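Protein chains in written order, with my numbering: chain E, 1 to 297; chain U, 1 to 315.
To be clear, the hints were calculated from the coordinates, so they are not data collected in a lab.
Per label pair, the in silico range of CB-to-CB distance:
hint, chain 1, residue 1, chain 2, residue 2, range
1, U, Leu137, E, Thr261, 28 to 36 Å
2, E, Pro243, U, Ala305, 52 to 60 Å
3, E, Arg132, U, Glu223, 47 to 55 Å
4, U, Leu11, E, Leu122, 15 to 23 Å
5, E, Leu122, U, Ser113, 42 to 50 Å
6, U, Glu223, E, Gln29, 30 to 38 Å
The model shown is predicted, which means the values in this text are computed figures rather than measured ones.
All C-beta atoms in this analysis are idealised placements derived from N, C-alpha and C, irrespective of residue type, glycine included.
Residues per chain, in single letters:
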Amino acid sequence: MAATDYDSELKRAGANATHGWRRLAFLAQRHMLGTIGLFFMLLFVWAAAFADLICRYDPLSVDSAHALLHPDARHWMGTDSFGRDVWSRIIHGARISLAVGIGSTALGSLFGVSIGLASGYLSGWVDLLFQRVTDILQALPLLVLALIMTAALGPSLPNVIIAIAIPLIPTVARVIRANTLALRELPFIEAAKSIGMSETRIALRHILPNTLAPLIVLATAQLGSTILTEASLSFLGLGIPEPFPSWGRMLSESAAEYVRTAPWLVIFPGLAISLAVFGTNLFGDALRDILDPRQRG
Amino acid sequence: MLAYIVRRLFLMLVTLFGISVIIFVLLRIVPGNIVDILFAAAGYVDPADKANLERELGLDQPIVVQYLHWIGGLLRGDLGYSYVSEKPALDEILPRIPITARLAGLALLFSASIGIPLGVISAVRQGTRLDYALRVLSLSGLSLPSFWLGLLILMASVALFGTMPIFNPEPKTWTEAIAIYCVPAMAVGFRSAALTMRITRSSMLEILRQDFIRTARAKGASEASVNFHHALKNAILPVITVIGIEAAFLIGGLIVTETVFNIPGVARFLVEAIRWRDYPIVQNLVMMIAVVVVLANFTVDMLYAVFDPRIRYTD
Numbered sequence: 001m002a003a004t005d006y007d008s009e010l011k012r013a014g015a016n017a018t019h020g021w022r023r024l025a026f027l028a029q030r031h032m033l034g035t036i037g038l039f040f041m042l043l044f045v046w047a048a049a050f051a052d053l054i055c056r057y058d059p060l061s062v063d064s065a066h067a068l069l070h071p072d073a074r075h076w077m078g079t080d081s082f083g084r085d086v087w088s089r090i091i092h093g094a095r096i097s098l099a100v101g102i103g104s105t106a107l108g109s110l111f112g113v114s115i116g117l118a119s120g121y122l123s124g125w126v127d128l129l130f131q132r133v134t135d136i137l138q139a140l141p142l143l144v145l146a147l148i149m150t151a152a153l154g155p156s157l158p159n160v161i162i163a164i165a166i167p168l169i170p171t172v173a174r175v176i177r178a179n180t181l182a183l184r185e186l187p188f189i190e191a192a193k194s195i196g197m198s199e200t201r202i203a204l205r206h207i208l209p210n211t212l213a214p215l216i217v218l219a220t221a222q223l224g225s226t227i228l229t230e231a232s233l234s235f236l237g238l239g240i241p242e243p244f245p246s247w248g249r250m251l252s253e254s255a256a257e258y259v260r261t262a263p264w265l266v267i268f269p270g271l272a273i274s275l276a277v278f279g280t281n282l283f284g285d286a287l288r289d290i291l292d293p294r295q296r297g
Numbered sequence: 001m002l003a004y005i006v007r008r009l010f011l012m013l014v015t016l017f018g019i020s021v022i023i024f025v026l027l028r029i030v031p032g033n034i035v036d037i038l039f040a041a042a043g044y045v046d047p048a049d050k051a052n053l054e055r056e057l058g059l060d061q062p063i064v065v066q067y068l069h070w071i072g073g074l075l076r077g078d079l080g081y082s083y084v085s086e087k088p089a090l091d092e093i094l095p096r097i098p099i100t101a102r103l104a105g106l107a108l109l110f111s112a113s114i115g116i117p118l119g120v121i122s123a124v125r126q127g128t129r130l131d132y133a134l135r136v137l138s139l140s141g142l143s144l145p146s147f148w149l150g151l152l153i154l155m156a157s158v159a160l161f162g163t164m165p166i167f168n169p170e171p172k173t174w175t176e177a178i179a180i181y182c183v184p185a186m187a188v189g190f191r192s193a194a195l196t197m198r199i200t201r202s203s204m205l206e207i208l209r210q211d212f213i214r215t216a217r218a219k220g221a222s223e224a225s226v227n228f229h230h231a232l233k234n235a236i237l238p239v240i241t242v243i244g245i246e247a248a249f250l251i252g253g254l255i256v257t258e259t260v261f262n263i264p265g266v267a268r269f270l271v272e273a274i275r276w277r278d279y280p281i282v283q284n285l286v287m288m289i290a291v292v293v294v295l296a297n298f299t300v301d302m303l304y305a306v307f308d309p310r311i312r313y314t315d
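Sequences are here, hints too, so could you generate the full structure?
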């Protein structure tokens with residue numbers, strides 16, 4: 001019988017990772033794909049934060065003498081039909097994607113959590129009303145509702161954020177409501193009630209913190225789809241208006257026409273969207289495994 | 001069961017009513033209507049002409065009257081007239097439906113026939129390199145924008161054949177039909193295939209852990225029999241749900257794909273109508289989408305009771 005190496009067994013199970021960096025290193029090793037996702041996300045945030053330092057060219061400056069240049073040493077990703085540097089536009093485009101992604105996810109979560117908490121905790125007619133409203137919002141696909149919203153509000157960055165945030169509300173509200181309903185019956189809530197804690201205080205101090213894990217998991221999953229939705233809206237010409245370098249918009253300008261003549265205008269913006277969303281999704285999956293093991297797939 | 005169905009049908013009506021109000025109001029808080037757009041293109045115009053046109057289209061009436069007019073017509077099967085073409089909205093919408101329905105059907109077929117087998121393989125080979133590769137593939141399916149996938153396909157078609165597929169309502173040859181319908185359907189279906197695969201995998205993993213699977217193995221059932229007869233049969237329920245709901249939500253992918261491939265379907269028509277502020281078209285199309293979604297949800301719930309005898313709806 002082979003001698004069991006208890007030390008290595010324990011190490012593999014993460015017993016030596018008790019705190020700080022060791023724990024982080026263990027998690028990173030265990031969730032390889034999630035770490036790769038995090039790397040892409042950090043790259044994306046880095047591009048958005050230091051866009052001005054990274055690029056040599058102004059993403060908005062038009063230079064018709066240098067229109068539709070092939071990628072070379074000066075213009076790494078070529079130039080578009082207005083002579084704007086594609087690399088600069090993509091790096092600056094990260095700002096828009098990030099702003100829409102974080103903005104609408106945060107806004108959607110804020111409203112979703114408030115509605116979910118109120119609905120699950122107060123129940124009664126409040127619950128009934130909010131349930132019907134979420135039913136209504138869920139009966140339209142995300143892109144359709146966002147399209148109508150942007151059409152109603154007009155194309156601008158804040159409006160796109162609102163238009164994408166509203167369709168996210170029902171999903172968040174549902175998850176928070178279900179969690180609140182389950183938590184409400186637990187003994188520690190009863191204990192809080194018996195010592196005379198007010199209802200609002202119980203909801204905010206006891207229920208809310210306990211719904212954070214599923215909320216974080218959900219928000220990360222939604223981040224990817226908000227970036228995709230913004231790209232689709234802008235691609236259809238109803239999202240971020242010109243001249244801002246939105247990745248989806250860059251594709252709609254280059255669509256069909258440049259598929260033959262300037263493929264770099266099609267390849268690079270699409271690659272940027274895909275990598276940003278792919279990274280978010282990979283990270284989101286790992287986060288779900290860590291924070292919410294019951295949902296593990 | 002009957003009480004449950006009646007309650008569900010009633011709630012469906014409430015939802016549809018809510019949507020009709022929201023859509024109607026949203027479309028009308030936009031500054032500027034079709035008349036403004038038409039007249040903006042013409043430069044200076046007589047305000048009297050403008051008022052006349054607004055009266056003709058019923059835009060001068062209070063919003064409640066306009067709403068009741070629309071709903072009343074809808075209940076009688078009269079969808080009003082398109083502002084842009086001035087043809088009955090129904091005649092504009094109906095001929096476009098088969099095109100989109102064909103694309104959606106093919107996309108679902110593609111996603112089920114790719115997603116379910118790959119999901120099963122991924123679950124059975126859990127933790128292997130194959131499983132990793134398939135998981136990364138499915139996640140990439142959820143990350144690629146379908147319009148970009150469509151553009152890449154067009155690019156490949158130009159590189160390989162020197163031409164792009166151009167839509168033709170009556171394809172003459174089989175290859176033409178494939179180029180026109182199947183290729184865009186694959187661009188749309190890739191995402192749903194990825195979703196189907198993920199759900200199949202996680203549902204299979206859940207089932208494979210259960211006792212009756214061990215029993216099946218213990219009595220000597222072959223690996224294929226365990227995986228397909230015992231496990232997949234029980235794991236398919238959540239997959240049906242996802243496919244059913246995806247069927248209704250496919251419209252999002254169809255909107256961009258029809259735009260990329262220049263297909264005159266109902267999804268692209270919605271975007272065009274939104275751009276033109278063609279209210280009668282937009283509000284009726286959105287109502288149609290809502291009806292499809294609500295019915296799909298209802299059907300999936302009913303199918304659950306049919307496929308799984310453990311589920312009984314009581315009220």
